[in-house]
Amino acid sequence: MTDLAAANREFWNTQGTRIFKNQWILNMAKKIADALSENVEWMGIRRRAEGSPPLKLLDYACGFGMVSSALLGQFDVIRGIDISDTSVAAYNEIARKSGIPTEQMVAVQGSIPSTEADTVLAKEEFFDFDLIAISMALHHIDDRVGVLSGLYKRLRSGGVLVVVDLTPEAHSHDHSHNHSHAHSHNGGHDHDHDHDHDNLTAHHTISKHGGFGPEEMKALMVDAGFVPGSFDYKPYLDTTPVMSNVSAQGSCESAKLKPFFIAKAVKQ
Numbered sequence: 000m001t002d003l004a005a006a007n008r009e010f011w012n013t014q015g016t017r018i019f020k021n022q023w024i025l026n027m028a029k030k031i032a033d034a035l036s037e038n039v040e041w042m043g044i045r046r047r048a049e050g051s052p053p054l055k056l057l058d059y060a061c062g063f064g065m066v067s068s069a070l071l072g073q074f075d076v077i078r079g080i081d082i083s084d085t086s087v088a089a090y091n092e093i094a095r096k097s098g099i100p101t102e103q104m105v106a107v108q109g110s111i112p113s114t115e116a117d118t119v120l121a122k123e124e125f126f127d128f129d130l131i132a133i134s135m136a137l138h139h140i141d142d143r144v145g146v147l148s149g150l151y152k153r154l155r156s157g158g159v160l161v162v163v164d165l166t167p168e169a170h171s172h173d174h175s176h177n178h179s180h181a182h183s184h185n186g187g188h189d190h191d192h193d194h195d196h197d198n199l200t201a202h203h204t205i206s207k208h209g210g211f212g213p214e215e216m217k218a219l220m221v222d223a224g225f226v227p228g229s230f231d232y233k234p235y236l237d238t239t240p241v242m243s244n245v246s247a248q249g250s251c252e253s254a255k256l257k258p259f260f261i262a263k264a265v266k267q
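Note that numbering that gives the first Met the number 0 has the sequence shown beginning at 0, numbered continuously upward.
Hints listed in this document are in silico derivations from the structure and should not be mistaken for laboratory results.
Some clues are possibly wrong.
To be verified - Pairwise CB distance ranges (calculated):
id, residue 1, residue 2, range
1, PRO213, GLU37, 16 to 26 Å
2, VAL226, GLU40, 18 to 28 Å
3, LYS20, GLU115, 34 to 44 Å
4, ASP2, TRP41, 35 to 45 Å
5, ALA6, THR114, 10 to 20 Å
Heads up, the beta-carbon is just placed ideally off N, CA and C, and yes, glycines get one too.
Build the full structure now, drawing on both the sequences and the hints.
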C-alpha cells in the first residue's frame with residue numbers, strides 16, 4: 000500500500016462517518032446520483048434478457064454506497080470495494096437495513112490493483128462486470144492509470160467504465176470564493192469555510208488538484224486500455240444546490256456545489 004493509500008484509509012476510517020453526515024456532502028451526492036440515474040441509457044449498459052448472465056455493477060471506492068443506491072434497480076448483482084473498513088461496514092449496514100440480501104449487494108475492504116494476498120478480490124464474483132463506476136475518488140489516487148487498468152481487467156468484453164470527478168472549473172470555483180474543501184470520495188467535498196471548526200480537511204489524501212478535463216480523462220482511459228472512440232465526457236457545471244432528504248448535520252445547506260463530470264469508456 001502506498002503512503003497516499005494508507006493516508007486515505009486512515010482518514011476515511013476515522014473521519015468518514017462524520018463527513019458523510021454533512022449536509023453539503025449529501026447535497027452533492029444527491030446531484031451526482033441524479034446525474035447517474037438520468038444517464039443509464041447514455042452509459043450503454045446491456046439490457047436484461049432471458050437466459051443471459053446477471054447484470055453486474057462494481058462500485059469502486061464505494062464509500063457509503065451512493066452509486067450503488069442510485070443504480071440499484073438496473074443491476075442484479077452489485078459489489079462494492081473501498082479502502083476504508085469503516086465505509087465498507089456502513090455500506091453493508093445500509094444495505095442490510097434496506098432489506099437487500101448480501102447475494103445481491105455487498106462491499107468488501109480492498110483496493111485495485113489487488114495483491115496476491117487478497118484472495119477475496121481474486122474470486123470470480125469480482126470479475127466480468129457490465130459496469131464499473133468510480134465516483135469522486137480518482138483525485139485521491141496516485142497511480143491513476145494503474146487503477147483504471149485494474150478496473151478494465153474486471154469488466155466483461157463490452158463492459159463500461161464510468162468515472163465521476165471534478166472538472167477544472169471546480170478548481171477555479173475554489174479560488175474565486177476563497178474557500179477550502181475537504182474532499183469526500185464517492186459523495187463530493189466537505190465545504191470547509193474558514194470559520195468551520197470541524198477541521199475535517201483531507202488535503203493530505205489528495206493526489207490531483209484542479210480537476211480533470213476531457214482530453215486528460217480520455218488519455219487516462221486510453222492508457223488503461225479502453226477503446227478511444229468509445230470515450231465520452233459530460234460536464235455538469237451548474238452549482239445550484241439540490242437538497243438531499245437524508246437526515247444530516249452541519250451547515251452550508253445552501254452552499255454552491257462543485258462542477259463535476261461523468262465520463263465513460265468501453266472495453267473491447
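Results for each hint:
1. A beta carbon spacing of about 19 Å between PRO213 and GLU37 agrees with the range 16 to 26 Å that was offered as a hint.
2. Hint check: VAL226 to GLU40, Cβ distance near 19 Å, so the stated range 18 to 28 Å holds.
3. In this structure the hint that LYS20 and GLU115 lie 34 to 44 Å apart at CB holds, the actual value being about 37 Å.
4. The supplied range of 35 to 45 Å is met by ASP2 and TRP41, whose beta-carbon atoms lie about 37 Å from each other.
5. At about 18 Å, the beta-carbon gap between ALA6 and THR114 stays in the expected band of 10 to 20 Å.
Violated hints: none; the structure is consistent with every hint.
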